[in-house]
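Each protein sequence line maps, in turn, to chains A and B.
For the first sequence, numbering that gives the first Met the number 0 gives the first residue as 0, with consecutive numbering after it.
For the second sequence, numbering that gives the first Met the number 0 gives the first residue as 0, with consecutive numbering after it.
Please keep in mind that the hints were generated in silico from the structure rather than gathered at the bench.
Among the hints, erroneous ones may be present.
If you want the footprint, here are the derived chain B segments under chain A, 3+ residues with CB under 8 Å [stated by the list, open to error]:
1) 89-95
2) 240-249
3) 282-293
Incomplete in silico selection of chain B near chain A, CB under 8 Å [stated by the list, open to error]:
4) Ile36
5) Cys81
6) His84
7) Gly86
8) Val105
9) Leu106
10) Ala300
Quick caveat, the model's predicted, so the values are computed rather than measured.
Virtual Cβ for every residue (Gly too), placed ideally from N, Cα, C.
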Amino acid sequence: MSARPAQLPHWIEIGVLPILNVLLALIVAGLILWTIGANPFEAIVFLVKGAFGSGYAWGYTLYYATSFIFTGLAVAVAFHAGLFNIGGEGQAVIGGLGAGVVALAFDHILPAPILVPLAILASCVFGAAWAIVPAYLQAYRGSHIVITTIMFNFLAASLMVYLLVDVFRDAGQMSTQSRTFTEAATLPEIAAVFGWFGIKIPSTPLNLSIVWALICCALVTVFIWRSRLGYEIRATGLSPRAAIYAGIKPAHVTLIAMAISGALAGCVGVNEILGVQHRLLLEFVAGAGFTGIAVALMGRNHPFGIILASILFGALYQGGAELAFEIPTVTREMIITIQGLIILFSGALAYMNRPWVERIYLWLAAPRAGEVPSHG
Amino acid sequence: MDDVVISTLAATLRMATPLIFCAMAGLFSERSGVIDIGLEGKMLAGAFAAATVAAETGSPMLALFAAVIVAILLSLVHGFACITHRGDQVVSGVAVNITAAGLTVVLGHAWYGRGGNTPDLAPEKRFMPVSLPGADALRDVPIIGPIYANIISGHSILTYAAVTLVPLVWFVLYRTRFGLRLRAVGEAPAVVDTAGISVVRLRYSAVMLAGLLCGVAGAFLSISQNAAFQKEMTAGRGFIALAAMIFGKWRPWPAFFACLLFGFLDAIAIRLQGVSVPGIGHVPVPLIQALPYIFTVVLLAGFIGKAIAPKAIGLPYIKER
Chain A
0 MSARPAQLPH WIEIGVLPIL NVLLALIVAG LILWTIGANP FEAIVFLVKG AFGSGYAWGY
60 TLYYATSFIF TGLAVAVAFH AGLFNIGGEG QAVIGGLGAG VVALAFDHIL PAPILVPLAI
120 LASCVFGAAW AIVPAYLQAY RGSHIVITTI MFNFLAASLM VYLLVDVFRD AGQMSTQSRT
180 FTEAATLPEI AAVFGWFGIK IPSTPLNLSI VWALICCALV TVFIWRSRLG YEIRATGLSP
240 RAAIYAGIKP AHVTLIAMAI SGALAGCVGV NEILGVQHRL LLEFVAGAGF TGIAVALMGR
300 NHPFGIILAS ILFGALYQGG AELAFEIPTV TREMIITIQG LIILFSGALA YMNRPWVERI
360 YLWLAAPRAG EVPSHG
Chain B
0 MDDVVISTLA ATLRMATPLI FCAMAGLFSE RSGVIDIGLE GKMLAGAFAA ATVAAETGSP
60 MLALFAAVIV AILLSLVHGF ACITHRGDQV VSGVAVNITA AGLTVVLGHA WYGRGGNTPD
120 LAPEKRFMPV SLPGADALRD VPIIGPIYAN IISGHSILTY AAVTLVPLVW FVLYRTRFGL
180 RLRAVGEAPA VVDTAGISVV RLRYSAVMLA GLLCGVAGAF LSISQNAAFQ KEMTAGRGFI
240 ALAAMIFGKW RPWPAFFACL LFGFLDAIAI RLQGVSVPGI GHVPVPLIQA LPYIFTVVLL
300 AGFIGKAIAP KAIGLPYIKE R
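Generate coordinates for the entire structure from the input sequences, incorporating the hints supplied.
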């Protein structure tokens, strides 16, 4: 139908187009706010103030962002291999289970410096294991990974309900949660860490997991762009047939990419279970797995973009709570709506704006480049 | 014991109703080559629209109509992204689900301020259970009587519509020109295009049919089975329906039976909640609720027969290449 897409400069591809898509999503969100009688501009002020207005607000924003970095990276690594891991939610649940099981088993025996790394490792291993089954079924049995990972989300939820009701529930408790871990199985709050150096900042759920999240970002960057396996993953994602020709086995790549993806998603359990809740409970993931999809799409599957997108979503979550408080007609679910719209515009409609941006760019760039044959 | 069996079977039909509508919706969309994991979101939006319109106008028919329109609009968004702009069909489906989950609560809260729920509906504003002719007369006849009066009779008109829908979908898919073209466009769109038939128009009609049926499913949930919209009231039924459709290997009758099976599991799970069964003891209900997903995964992995998806599923059609 249309001609081959023109080569656009890098800053348009990774700057202008993504920002345009997010802006469109926010404009639609603004229209929704306006429909229900809230002033969108006022809402933005409350949102920004709620998310960044104080040290306390920053703490919460970054705490939410931590989980989104993990799930965003998880989705991105799978995307690079050409796979859509929609199962981040389930992998995060099982990752938290891993951390919780290790914590409950050893928190009276092992000291924190051994137990915490062990629990983090357990999150990764459990998350990876939950992702490897759909990966195996896709690679060797031909089932579609999207459908299997959706099913595995529900399986994870059912398994967790079963375990918490029938296995881990604290004997004296009615609510479905385990006993609280001892100090040895907890990651310290950032406020506590600052306190060791005599700096006082407000106490928030923000904990050392954010350091682990940033380390994961660095590791993923090196792995995807600087390692042999990362090259194989990207090659398979770009063209499985070319990858086979180059001697890469797509089945292996599927397994490895999904294992890493699942391990990253599992780290949500580090943030929530070891960092904040200090016990096993239901629904601690609270949609972070799905937010990861929006984060990865918005961050263009690059760790740096993912950090930015995670902070934006963290701000939406934290600011959204303030917004709901200040404007009573608006609920926190507005954030879910925005998330859906961002997935729509940055993901499904990612190339909607390309043709006209391309036309404007060519029109602006053509005379200077001197490529247009002169009339005359 | 008879009472238990009868009420469980009646509950099976009730539980299966939204699944049947959604599975048939998915069937239309996916047989045309468009993956539809947005069944859940369209059903949820339909449920919300129905409950709102029923509360405002008091007319269940108008409510049903509104549900269908809203769900079709969402399916058009899906179509616009995947058919017109050749976006990723799975990503678009996720977007539909998440947007619907958020927007229904946002609007519900702004309009009614009940944490996203809509006002409770009086019976005359809903589709209530109807008694089939002769149900009362036959009630005392042994065996047939209770089956007819208590299992078959006494459902909402929408449940009967769901059951009649299945042969209808079968007929449309396998005995009409439209159905032939629809199946062809899911297998080999280039061939359909060569024959001078518009791939885009066919896929849009399939996607809109899917929206229509999801809307009915949503209306059933909010104005027939329940008396109001509640936040997240679809509770994964859209995905169970998707599973049923795959379990039925993208064919109407097997998908229908899968819906009945999954509806039955649902009915059993509710009945066994907190009950100790003689001989087995305490039954872990979450594991029963997980069975549909386990079945589907096992089936997809090719351990019980082979589920083969339409060939062109998930691939945007690019003309002239």
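Now the hints, each set against the structure:
Look at the stretch 89-95 of chain B against chain A: 6 of its residues bring a Cβ nearer than 8 Å to a Cβ of that chain, three or more, so the hint holds. Closer than 8 Å: that is the beta-carbon criterion, and the stretch 240-249 of chain B has 3 residues meeting it against chain A, so the requirement of 3 holds. Counting residues of the stretch 282-293 of chain B whose C-beta sits closer than 8 Å to any C-beta of chain A gives 7, which meets the bar of three, so the coverage hint holds. Look at B:Ile36: its Cβ gets to within about 7 Å of chain A, closer than 8 Å, so that hint holds up.
A cut of 8 Å between beta carbons decides the hint on B:Cys81: the least distance to chain A is about 7 Å, and the hint holds. Hint status for B:His84: holds, given a least beta-carbon distance of 5 Å to chain A, under 8 Å. For B:Gly86, the interface hint holds, since its Cβ comes within 8 Å of a Cβ in chain A; the closest pair sits about 4 Å apart. Restraint check, B:Val105 versus chain A: the minimum CB separation of about 5 Å is within 8 Å; hint holds.
Among the interface hints, the one on B:Leu106 holds; its C-beta lies about 7 Å from the nearest C-beta in chain A, closer than the 8 Å criterion. Proximity of B:Ala300 to chain A holds as hinted, the smallest CB-CB distance being about 4 Å (cut-off 8 Å).
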